[in-house]
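> Read off the chains here:
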Amino acid sequence: MKGNTELRVRKAFFKHKLGIIGMIILILLYLMILFADFLAPYNYQSTKRDFTFSEPTKIHWRKDGEFIGPHVYGMTKSRDPVTFAVKYVKDEEKIYPIRIFVRGDTYKFWGLWETDIHLFGIGLQDDAVLYLFGGDRFGRDLFSRVLIGGRVSLTAGLIGTLIAVVIGAVVGAFSGYYGGWIDVVIQRLIEILRSFPRIPLWLALAMLLPPTWPSTTVYLGIVIVLSFIGWMGVARVIRGMVLSLREKEYILAAQVIGQSNFKIITKHLIPNTVTYLVVVSTLSIPGMILGESSISFLGLGIKEPMTSWGLLLKQAQSLSDIQAHPWLMIPGLFIILAVLSFNFVGDALRDALDPYRTVDKV
Amino acid sequence: MIVKGTNLKKYFPIRKGIFLQTAGHVKALECVDFELNENETLGIVGESGCGKTTLGRVITRIYTPTGGTLEYITPEKKLLHLEKAVDKHQLKRFRRDFQMVFQDPFSSLDPRMTIGDILREPLDVHKIYPNQRERDEYIEYLLERVGLYPEYTARYPHEFSGGQRQRISIARALALKPRAIVCDEPTSALDVSVQSQIVNLLQELKEQEQMAYFFISHDLDLIHHVSDRIMVMYLGSVMEAGRADEVFHHTSHPYTRVLMKSIPHWDPKQRKLDKIHLEGEPPSPINPPKGCPFNTRCPEVMERCKKEMPQLQPITDNHSVACWLFDD
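Protein sequences appear in the order of chains C and B.
Everything in the first sequence is counted per our numbering, starting at 1 for the first residue and increasing by one.
Everything in the second sequence is counted per our numbering, starting at 1 for the first residue and increasing by one.
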């Protein structure tokens, strides 16, 4: 029964503990980027000169032993008279309580309407900030930037994989179904393209994007560059599957009926490879996220003031920076989290969809 | 007459190397002549690898013949040559008239489509019912015709048994109201009890719908039961052809005689021990023997058989044999 198959797949999936954890983390991450503007206490572009490289703000709960709720103190910037290093001295007289639904920077919610309500924050103050992950070189809030940067990183992986899988499935199916010289040409082309080292090829392709392009167009360009490499692995496997599927009698039956080759590929062959496509998609998203991060990290991807996790990591390129401002590494943790979660979910899906894995491990 | 094949050949190239040079051919069909008339069942018998299935697929134009002619006579008595590249519309017209039931009911239905989708496909391809309600009613009617419940349209193939799947397969072939159906061993993957049901269904439908069958099987009893005429094949060539009872009761070709002797008798006491046994395997179709293809195993082999290929010669009105024994 179809219902039973679905039930079995669902059961097998939910038995995979890491898969569920990965799934929950992914849902949270995607909810996070969906409401990033609202969750972020600041606009990711707004700079505060007085708070460059400020360390993560400490949240206090008590004043003089008395509980007064979460609050931060005002800060004044000063320099160490000997080393000239920047120091922030807290001013315990100035108390800024952290409130929810506070008014702050204005932003356009989903590009629809303008608002200035943020989930939490201390409002716009001159001498105090709430920088949970610290501040960057321009005194921008790293936490807000991580939330917004996730939009690029997480969707680039998703869209890039989608494009790569669609191209891979179609090219692979044509190659396998027609066979003969079409197959030979496509396969040799894939072999040649795959024998290029990956990162130089990415960089070369990313260089093709004109620097004058607006950041949204660059983003799309990066996604296409990423999927340019990704489709080839999918095409190879789909070709192999189609080679065996096309000998099935239902394909012959469709030919006898008079169905066109194009419809045979789209209606019979590709739907029969869909379980593989689902698994390969989830397992190749992490590669895409890492790819986008690598390109941006090397400075050829997303450009400031737009941001992504890879671009945020770019600030942490030198050892002295990391030593002085270790919080600049935080975006890397988010990359690791997302990549691991996708891998766990992919593993769980692969095991769940495997029809030969009927006996459950105790 | 519906189709006529003369001198039909089908060679499959064996390709090797980077540039896919042709290294040789599998000669699946070597000079096959046949004709299929209206409302008749033409049975094809032979052991594995003799080219029965290839012939079925050449006739339905899944494969393009390598040589010879394949003519289709339309209901309007127009002659269509199918051996070369055919005009798209004409091929579509031919497809409507010529359907196929396959051997393996477990691979002949797309596992990702419901029964309704499977039966809808031929109707949509040929745009027979533009009206959705009429089309769905016709699909339910088809299911009833093959002895299934009309409620089955929403189900998937894996929910059915082999016999039921074969019925669905027959319903799909029937959907376009064809003039002829190629049945490629439609019962060999089924239980014996189910086999007879499917055969009876096919015969019933033939009488009601006025169709012709091109019935491929290795089961001699079955072929005798369903066929009006029979063709016996060996290694891509026709050995003996004629009216069914003629071939069965006046078996002439040495190969057919061996085949007939190999039918197990229902009564164990009647089983003869002095049967003629065939030695060895059929030769490879990549490198068939010179002369008569059967000369390597024939109990009555002569010098001539190793040099010249015998042609199909009529010995009576309804019976012809390709063997030098009958050359006067």
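It should be emphasised that the hints constitute simulated quantities derived from the structure, not laboratory data.
Do not take every clue at face value.
Stated by the list, open to error - Each computed EDC-like pair below joins lysine to aspartate or glutamate, with the alpha-carbon atoms no more than 20 Å apart:
(1) B/K206 x B/D97
(2) C/K267 x B/E40
(3) B/K177 x B/E281
(4) B/K306 x B/D267
(5) C/K17 x C/E304
(6) C/K263 x B/E281
(7) C/K263 x B/D87
(8) C/K48 x C/E304
(9) C/K48 x C/E6
(10) B/K16 x C/D183
(11) C/K267 x B/D124
(12) C/K263 x B/D117
Model, not experiment: these values are computed from the prediction.
> All hints are to be evaluated individually against the structure, with a verdict given for each.
These are the hints, each one checked on the structure:
| no. | hint | verdict |
| --- | --- | --- |
| 1 | B/K206 x B/D97 | holds, 14 Å |
| 2 | C/K267 x B/E40 | violated, 35 Å |
| 3 | B/K177 x B/E281 | violated, 41 Å |
| 4 | B/K306 x B/D267 | violated, 39 Å |
| 5 | C/K17 x C/E304 | violated, 39 Å |
| 6 | C/K263 x B/E281 | violated, 42 Å |
| 7 | C/K263 x B/D87 | holds, 19 Å |
| 8 | C/K48 x C/E304 | holds, 17 Å |
| 9 | C/K48 x C/E6 | violated, 54 Å |
| 10 | B/K16 x C/D183 | holds, 14 Å |
| 11 | C/K267 x B/D124 | holds, 13 Å |
| 12 | C/K263 x B/D117 | holds, 14 Å |
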